[in-house]
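Asker: Can you build the whole structure from these sequences, using the hints too?
If you read the sequence shown in the numbering used here, its first letter stands for residue 2, the second for the next number, and so on.
It should be emphasised that the hints constitute simulated quantities derived from the structure, not laboratory data. Backbone N, C-alpha and C fix where the C-beta goes; we use that ideal spot for every residue, glycine too. The reader is advised that the hints may include incorrect statements.
[Said to hold, decoys possible] Dumping the calculated SDA-like pairs for lysine to any residue here, alpha-carbon to alpha-carbon at most 25 Å:
1. 154 / 12
2. 211 / 155
3. 154 / 106
4. 70 / 80
5. 211 / 181
6. 70 / 144
7. 154 / 138
8. 211 / 221
9. 36 / 47
10. 154 / 121
11. 154 / 208
12. 211 / 125
13. 70 / 257
14. 154 / 96
15. 70 / 262
16. 70 / 176
17. 154 / 223
18. 70 / 146
19. 211 / 262
20. 70 / 11
21. 154 / 105
22. 70 / 105
23. 70 / 157
24. 211 / 197
25. 211 / 106
26. 154 / 180
27. 70 / 96
28. 211 / 254
29. 154 / 257
30. 211 / 228
31. 154 / 24
32. 36 / 106
[As the list claims (entries may be wrong)] Just the calculated beta-carbon pair ranges, DEER-fashion:
33. 189 / 162: 47 to 55 Å
34. 189 / 45: 41 to 49 Å
35. 245 / 72: 34 to 42 Å
36. 245 / 158: 28 to 36 Å
37. 29 / 189: 46 to 54 Å
38. 235 / 105: 52 to 60 Å
39. 36 / 243: 15 to 23 Å
40. 253 / 217: 24 to 32 Å
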Amino acid sequence: MSQTAIIGAGVMGETLLSGLVRAGRSTDELLVGEKRPERVAELTERYGVRVVDNVEAARAADTVAIVVKPQDMAAVLAEIAPALRPGQLLVSLAAGITTAFIEEHVPTGVAVVRVMPNTPALVDAGMAAISPGSHCDDEHLDIAEALLSATGKVLRVPEHQMDAVTAISGSGPAYIFYVVESMIEAGVHLGLPRAVSSELVIQTVVGSGKMLAETGTHPAVLREQVTSPAGTTAAALRELDVHSVRAAFLAAMEAARDRSQELAGS
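Answerer: In structure tokens, the structure reads:
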């Protein structure tokens, strides 16, 4: 029986665990590495999963998912490296940590996959990008893809694109929430009760996303379908263009990409 260990039981670690359980993965096939006694009790009661220390989890599993903060990665790798062995798969969900960095800290022959997830994984609507390390083959990528697909969609990209992925989908939910927040505030400014404005905006965003996903139509075409000549939408879009909103989005995502590169370098 193949064993999968999740080291790091914070929000994203538990998100991965709960997604796997909902997807039908037996808890007999899952291990969690966690040290805090109160967290051990919570996870054991909530999922019926076996919670052990990090070294035991790494030693027992065929696939090890490390879901820790980037600044904690070096310490976790130093802790578990003696328990790792060639042929094991190590899946890293730590932002900005390269496969080369991980490979330097683990035994030769350990396969490494780097993942950039995002927070909609909490509701099984995540977008995860995965990249292979130097000892990783298609079978390892298949395993990693199956693991991450429990919480949403998975896309394979070359690792040199990961900083751009971070800027687009990793940080992307924050941009959407920022726009939603701004639209709700605009509704209040225009005289709507906040609850009404919130419901109007949120459902509009949900419905628009569903149209994009289910129709496959280019967003420019969908936008044009809403924009009547000399109408209300045209007037609003003109103001967005006057204020260079499209250029601002590009600049923002370039800044996110650059910061991702800086973090990876440090």
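Asker: Now look at each hint and say whether the structure bears it out.
Answerer: Do the hints match the structure? See the list:
1. 154 / 12: Given that 25 Å is the threshold and the Cα spacing comes to 19 Å, the pair holds.
2. 211 / 155: With Cα atoms ~18 Å apart, residue 211 and residue 155 stay inside 25 Å; holds.
3. 154 / 106: Not satisfied, since the Cα-Cα distance of roughly 29 Å exceeds 25 Å.
4. 70 / 80: 15 Å, holds
5. 211 / 181: 16 Å, holds
6. 70 / 144: 23 Å, holds
7. 154 / 138: 20 Å, holds
8. 211 / 221: Holds - the C-alpha atoms of residue 221 and residue 211 are around 15 Å apart, at most 25 Å.
9. 36 / 47: 17 Å, holds
10. 154 / 121: 10 Å, holds
11. 154 / 208: Measuring from Cα to Cα gives roughly 19 Å; hence the hint holds.
12. 211 / 125: 15 Å, holds
13. 70 / 257: OK: residue 70 and residue 257 at ~18 Å, within 25 Å.
14. 154 / 96: Roughly 18 Å between the alpha carbons, so the hint for residue 154 and residue 96 holds.
15. 70 / 262: With Cα atoms ~16 Å apart, residue 70 and residue 262 stay inside 25 Å; holds.
16. 70 / 176: Given that 25 Å is the threshold and the Cα spacing comes to 22 Å, the pair holds.
17. 154 / 223: 23 Å, holds
18. 70 / 146: 21 Å, holds
19. 211 / 262: Status violated; Cα separation ~32 Å.
20. 70 / 11: 9 Å, holds
21. 154 / 105: With a Cα-Cα distance of about 29 Å, the restraint between residue 154 and residue 105 is violated, given a limit of 25 Å.
22. 70 / 105: Satisfied, since the Cα-Cα distance of roughly 18 Å is no more than 25 Å.
23. 70 / 157: Holds, because 22 Å separates the two Cα atoms, which is no more than 25 Å.
24. 211 / 197: OK: residue 211 and residue 197 at ~21 Å, within 25 Å.
25. 211 / 106: 43 Å, violated
26. 154 / 180: Measuring from Cα to Cα gives roughly 23 Å; hence the hint holds.
27. 70 / 96: 8 Å, holds
28. 211 / 254: 23 Å, holds
29. 154 / 257: Holds, because 22 Å separates the two Cα atoms, which is no more than 25 Å.
30. 211 / 228: The hint holds at about 19 Å.
31. 154 / 24: 13 Å, holds
32. 36 / 106: 22 Å, holds
33. 189 / 162: 47 to 55 Å: 39 Å, violated
34. 189 / 45: 41 to 49 Å: 45 Å Cβ-Cβ, so the 41 to 49 Å window holds.
35. 245 / 72: 34 to 42 Å: At 36 Å between Cβs, range holds.
36. 245 / 158: 28 to 36 Å: 29 Å, holds
37. 29 / 189: 46 to 54 Å: Given about 51 Å between the Cβ atoms, the range holds.
38. 235 / 105: 52 to 60 Å: At roughly 55 Å between Cβ atoms, residue 105 and residue 235 fall inside 52 to 60 Å, so the hint holds.
39. 36 / 243: 15 to 23 Å: 54 Å, violated
40. 253 / 217: 24 to 32 Å: 27 Å, holds
Consistency with the previously given hints fails for numbers 3, 19, 21, 25, 33 and 39, ordered from lowest to highest.
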